[in-house]
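A.B. asks: All chains, full assembly: derive it from the sequences and hints.
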Amino acid sequence: MEADENPNLPDAEFLGQTGAKVEGQTRLEAAYGSGDGDEQSIPSASVAGGTKQHEQAHLGTVFDQSYQSWGGSLNPRWARNWAILRHHVYGLFSKGHRPYGIATKLILFAAFLISLGDLGMSFISAIFSETEMHRVFGVSKDNLYGHVLGFWPRNAICFPIIAALLIGGIISEDRTHGTSAIYFSRPLNRIDYTAMKFLSVAIVLFMLIVGTLGIYYTGDILMQGEGWAFFLDTLPIFLGAALAGTILVFTYSSIGLALSSVSRGKFFPAVALLGIFLGMKLIAFLIYVLFERSVLYLLSPYDCVAHVGQALVGTTSTYDHPWTWSLMSLVVINAIALYILASRVSSMEVTRE
Amino acid sequence: MAYETNNHTIKDRIYGAKGGEVVSDQYVIETNDLVKSYGPHIALDSLSLKVKAGATGLLGPNGAGKSTLIKTLLGLIGVTSGEGKVLGFNIRTEGENIRSKIGYLPEYECLNPGLEAIHQVAYSGELIGMNPTSAMQRAHEVLEYVGMRDQRYRKIETFSTGMAQATKLACSIIHDPELIITDEPSNGLDSRAREFMLKTLQQIVGEGGRSLLMASHLMGDVEKVCDRIVMLHKGRLIAQGRIEDLKSIEQEIEIHVWGHASELERELQNSGYEVRRTGRVMRVVRQDESTYAAIIECAAKSGAQLRRMNDHEPSLEDLFIVIMERLGYSVKSSAELFQVGGSGSKVDAPFELKEVG
Numbered sequence: 001m002e003a004d005e006n007p008n009l010p011d012a013e014f015l016g017q018t019g020a021k022v023e024g025q026t027r028l029e030a031a032y033g034s035g036d037g038d039e040q041s042i043p044s045a046s047v048a049g050g051t052k053q054h055e056q057a058h059l060g061t062v063f064d065q066s067y068q069s070w071g072g073s074l075n076p077r078w079a080r081n082w083a084i085l086r087h088h089v090y091g092l093f094s095k096g097h098r099p100y101g102i103a104t105k106l107i108l109f110a111a112f113l114i115s116l117g118d119l120g121m122s123f124i125s126a127i128f129s130e131t132e133m134h135r136v137f138g139v140s141k142d143n144l145y146g147h148v149l150g151f152w153p154r155n156a157i158c159f160p161i162i163a164a165l166l167i168g169g170i171i172s173e174d175r176t177h178g179t180s181a182i183y184f185s186r187p188l189n190r191i192d193y194t195a196m197k198f199l200s201v202a203i204v205l206f207m208l209i210v211g212t213l214g215i216y217y218t219g220d221i222l223m224q225g226e227g228w229a230f231f232l233d234t235l236p237i238f239l240g241a242a243l244a245g246t247i248l249v250f251t252y253s254s255i256g257l258a259l260s261s262v263s264r265g266k267f268f269p270a271v272a273l274l275g276i277f278l279g280m281k282l283i284a285f286l287i288y289v290l291f292e293r294s295v296l297y298l299l300s301p302y303d304c305v306a307h308v309g310q311a312l313v314g315t316t317s318t319y320d321h322p323w324t325w326s327l328m329s330l331v332v333i334n335a336i337a338l339y340i341l342a343s344r345v346s347s348m349e350v351t352r353e
Numbered sequence: 001m002a003y004e005t006n007n008h009t010i011k012d013r014i015y016g017a018k019g020g021e022v023v024s025d026q027y028v029i030e031t032n033d034l035v036k037s038y039g040p041h042i043a044l045d046s047l048s049l050k051v052k053a054g055a056t057g058l059l060g061p062n063g064a065g066k067s068t069l070i071k072t073l074l075g076l077i078g079v080t081s082g083e084g085k086v087l088g089f090n091i092r093t094e095g096e097n098i099r100s101k102i103g104y105l106p107e108y109e110c111l112n113p114g115l116e117a118i119h120q121v122a123y124s125g126e127l128i129g130m131n132p133t134s135a136m137q138r139a140h141e142v143l144e145y146v147g148m149r150d151q152r153y154r155k156i157e158t159f160s161t162g163m164a165q166a167t168k169l170a171c172s173i174i175h176d177p178e179l180i181i182t183d184e185p186s187n188g189l190d191s192r193a194r195e196f197m198l199k200t201l202q203q204i205v206g207e208g209g210r211s212l213l214m215a216s217h218l219m220g221d222v223e224k225v226c227d228r229i230v231m232l233h234k235g236r237l238i239a240q241g242r243i244e245d246l247k248s249i250e251q252e253i254e255i256h257v258w259g260h261a262s263e264l265e266r267e268l269q270n271s272g273y274e275v276r277r278t279g280r281v282m283r284v285v286r287q288d289e290s291t292y293a294a295i296i297e298c299a300a301k302s303g304a305q306l307r308r309m310n311d312h313e314p315s316l317e318d319l320f321i322v323i324m325e326r327l328g329y330s331v332k333s334s335a336e337l338f339q340v341g342g343s344g345s346k347v348d349a350p351f352e353l354k355e356v357g
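Protein chains in written order, with this note's numbering: chain A, 1 to 353; chain B, 1 to 357.
Some hints here could point you the wrong way.
Derived Cβ-Cβ restraints for the label pairs, each shown as a range [as the list claims (entries may be wrong)]: (1) B/Pro132 with A/Phe123: 35 to 45 Å; (2) A/Ala79 with B/Asn90: 17 to 27 Å; (3) B/Arg308 with A/Gly72: 20 to 30 Å.
These are calculated hints, taken from the structure and not from any lab test. From the three backbone atoms N, C-alpha and C, an ideal C-beta is built for every residue, glycine too.
C.D. replies: If you want it as structure tokens, here you go:
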């Protein structure tokens with residue numbers, strides 16, 4: 001209702017009450033508000049059940065907020081990168097860094113012990129001077145190859161599961177929690193971010209796969225009291241196995257991080273990594289059994305590394321196709337994984353995901 | 001086209017947020033014809049900003065280009081054309097230097113819920129380049145400063161929104177940055193936490209002598225903390241300058257009328273005055289001192305009773321509405337554009353924007 005109508009008529013729009021009759025008091029309220037002017041002198045109720053002073057007294061804290069400047073200097077790029085690496089690797093061992101679940105830590109510890117199983121057997125054979133036992137578990141081409149690339153149990157249940165647990169949320173959690181904003185609003189570039197995440201996973205896997213290989217190799221030589229000649233004879237084989245192990249670590253890391261970068265959770269990348277490594281192996285195996293064709297193993301990352309590893313260590317090849325095909329396939333698989341990783345990381349936002 | 005406060009009374013030196021403290025003479029952000037386009041879509045259109053030290057509000061509806069501007073200022077995305085400097089560093093080539101001098105408080109969650117606050121803040125310092133010992137020491141200081149002293153060793157997943165927001169602020173100021181960019185700092189906070197956050201930001205600027213660029217949808221918050229604003233719309237700068245000066249672009253006289261309001265409105269319009277009316281309250285654009293007498297004269301002619309007449313003290317919200325009206329948008333409040341996703345309906349612009357500056 002318009003205000004220019006006869007003031008004696010009801011004001012239908014007043015305070016949303018349609019058709020309400022407006023009396024003198026209401027008109028006053030309309031013009032000057034509904035307060036009686038004594039609001040200041042009336043004690044007001046507080047939520048805490050008392051006066052404001054009581055409320056403050058109840059809190060019992062004198063909080064003096066005073067901004068303090070900081071005059072320190074900032075370290076260069078390597079220190080920032082080290083912070084990321086340290087945060088992710090130290091998290092496995094101590095508090096205050098990237099939190100890993102207790103199950104992850106226990107499984108990693110168990111995997112580490114399993115990886116040193118051959119050293120344990122070598123130790124037993126050394127204690128009891130069991131030459132036959134040492135022949136089975138001591139340093140040899142097959143055992144060095146098997147330590148890194150043997151399928152059962154290491155590459156069936158040990159290394160892939162550890163890789164899956166490590167890569168699960170390493171990038172996807174930055175999307176989920178928005179922590180990418182913390183990273184990219186800092187003077188970090190995306191290459192450093194990706195490289196450090198990659199390295200942090202690779203270092204743990206390297207310690208598990210290649211580190212235990214080194215422990216096994218040196219431990220066995222020391223326990224058996226082998227001489228320099230044995231060492232020099234077996235060193236190239238060891239280096240071949242270590243290189244194969246490094247390729248395995250790289251492949252696990254690149255595929256794992258690519259999967260983590262396309263996801264927003266832990267579950268998908270972990271399961272997808274296991275699916276790619278074990279699933280492709282299973283399919284290739286079935287095809288091989290049914291049709292006697294090993295070429296499908298080129299799609300299985302594990303088999304490609306195993307095939308290249310066989311060539312590096314010098315053991316008998318278990319595949320029909322040339323190992324260079326496996327090497328090429330490995331290059332392609334890793335290139336695709338790194339491309340996905342790079343493109344997904346470059347799309348991570350600081351403002352909104 | 002932009003409103004620019006070229007008021008001659010503006011002092012060359014600028015003052016800290018509501019604190020009256022002289023901060024600096026320099027521009028902390030300066031862009032010149034900055035253009036950023038994503039294919040055919042122009043996110044920033046010839047943006048020429050000059051943001052002085054102190055507290056500045058960044059306003060604009062959804063899709064105005066605020067996020068793009070922030071990313072550009074942080075040196076995270078390349079610009080299509082134009083130049084820009086933040087704290088004297090080129091946004092094209094010196095992004096890392098800029099980010100080491102800036103503290104950024106994102107709108108959305110950015111904390112690792114599994115970490116304790118102290119470690120999250122220390123880690124954010126290490127990511128800037130602080131060594132671990134000084135980062136940890138400084139993390140204690142800034143967490144205490146933002147009122148989180150007793151919650152330092154609690155996991156972030158147990159925090160309320162206010163506590164998480166305070167932790168984010170601590171992360172952004174750990175290295176004592178020269179410029180802090182905050183994106184909706186009071187988003188989702190209750191009134192107490194909001195007051196504390198705004199007070200803290202005011203203090204960082206006033207007492208700490210830092211500069212602040214505060215993107216917010218809440219006009220009241222911006223008005224409380226900031227002296228100046230930058231307003232964007234569809235990637236273009238539509239207003240920038242001191243809030244007080246921008247408000248004086250259009251001074252209005254508010255009158256409360258009883259009876260014959262329509263006649264009075266017509267009478268005023270016929271006399272050449274611009275009138276906005278809501279029921280019995282009208283606002284008449286003040287042309288000069290004679291406007292008061294003209295209103296009384298028009299009221300006498302129309303038979304309307306003037307119950308009250310005073311100079312209207314416009315809020316930032318009023319300023320926003322005036323500017324949007326001039327851009328041809330029929331909006332009742334900033335919320336209509338800011339929170340409902342830009343649903344303000346476009347109508348014919350009643351008059352053209354006055355280009356100044």
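A.B. asks: None of the hints should be skipped; say for each whether it holds.
C.D. replies: Verification of the supplied hints:
| no. | hint | in the structure |
| --- | --- | --- |
| 1 | B/Pro132 with A/Phe123: 35 to 45 Å | 39 Å, holds |
| 2 | A/Ala79 with B/Asn90: 17 to 27 Å | 24 Å, holds |
| 3 | B/Arg308 with A/Gly72: 20 to 30 Å | 58 Å, violated |
Checked against the numbered hints above, the structure violates only hint 3.
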